[in-house]
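**Student:** Sequence:
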Amino acid sequence: MQKHAISNILRIDSSTQTEGSISRRLGDEVIRRLRQENPFAQVRQIDLAQGASHIDATWVAANLTRAEERDAGARIRLAESDAAIADLRAADAVVVTAPIYNFSIPSTLKAWIDLVCRAGLTFRYTEAGPQGLLSDRPVYLAMASGGVPFGSAADFASTYLRQVFHFIGIDDVRLVGAEGVARGSDAAVQTALAQLDAWLPHQPHHSEDRQHVHTR
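So the sequence shown is numbered by our numbering: it starts at 1 and just counts up by one.
These are computed hints drawn from the structure, not numbers from a lab. A few of these clues could be false.
[Claimed, not checked] Ranges of calculated distance between the beta carbons of each label pair, as one might list FRET restraints:
1) Gln203 with Gly129: 38 to 46 Å
2) Trp199 with Ala86: 21 to 29 Å
3) Glu80 with Tyr125: 17 to 25 Å
Just so it is clear, CB atoms sit at the ideal spot from N, CA and C, and this is done for glycine as well.
Full structure from sequences and hints, please.
**Tutor:** Below, the structure written as structure tokens:
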């Protein structure tokens, strides 16, 4: 059960499939259960299938320039990153939906990660090593794998996402994984939902549930 009220939920979708995606289907259920416990929660949805900016030399140069010395062009180049970090900071809970593509995550999700992992904003370097700057909050990884076992040596997706969130200060990462969907999705989805029951017990649908979703 939730230990604190959730007002803002950030949802990041990364499957190239906008219809029929199992990871998105799992994400829908995570959101539904979160909002049953927090009916007035706002959902900020970012669909990376619509495109994501990859960092390049101009982005790196802008990021390495001191904030007070950045010109208008540099500020514009970092604007998407600034917005992504603001979304993440404002979220009381995060839902990331992702399939495993060739043992790892979609490139668009990696692009989003590159935008939010910024020294001085989401992590900092110390004598003891990197330190995350974000406060802990639940992150649900709604994932689908055709055949790669989650947590195995071949899984460079869920383990990588756990490391990324740990790196920026978030350790409460909860995997809701449908494994082996290439052999049949129904059983895999049911197993994933059973995992979700540990954090968000199933409740019947209610038609009066409000939907407050903002997309970008």
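**Student:** Which hints from the list above does the structure break, by number from lowest to highest?
**Tutor:** Failing hints: none at all.
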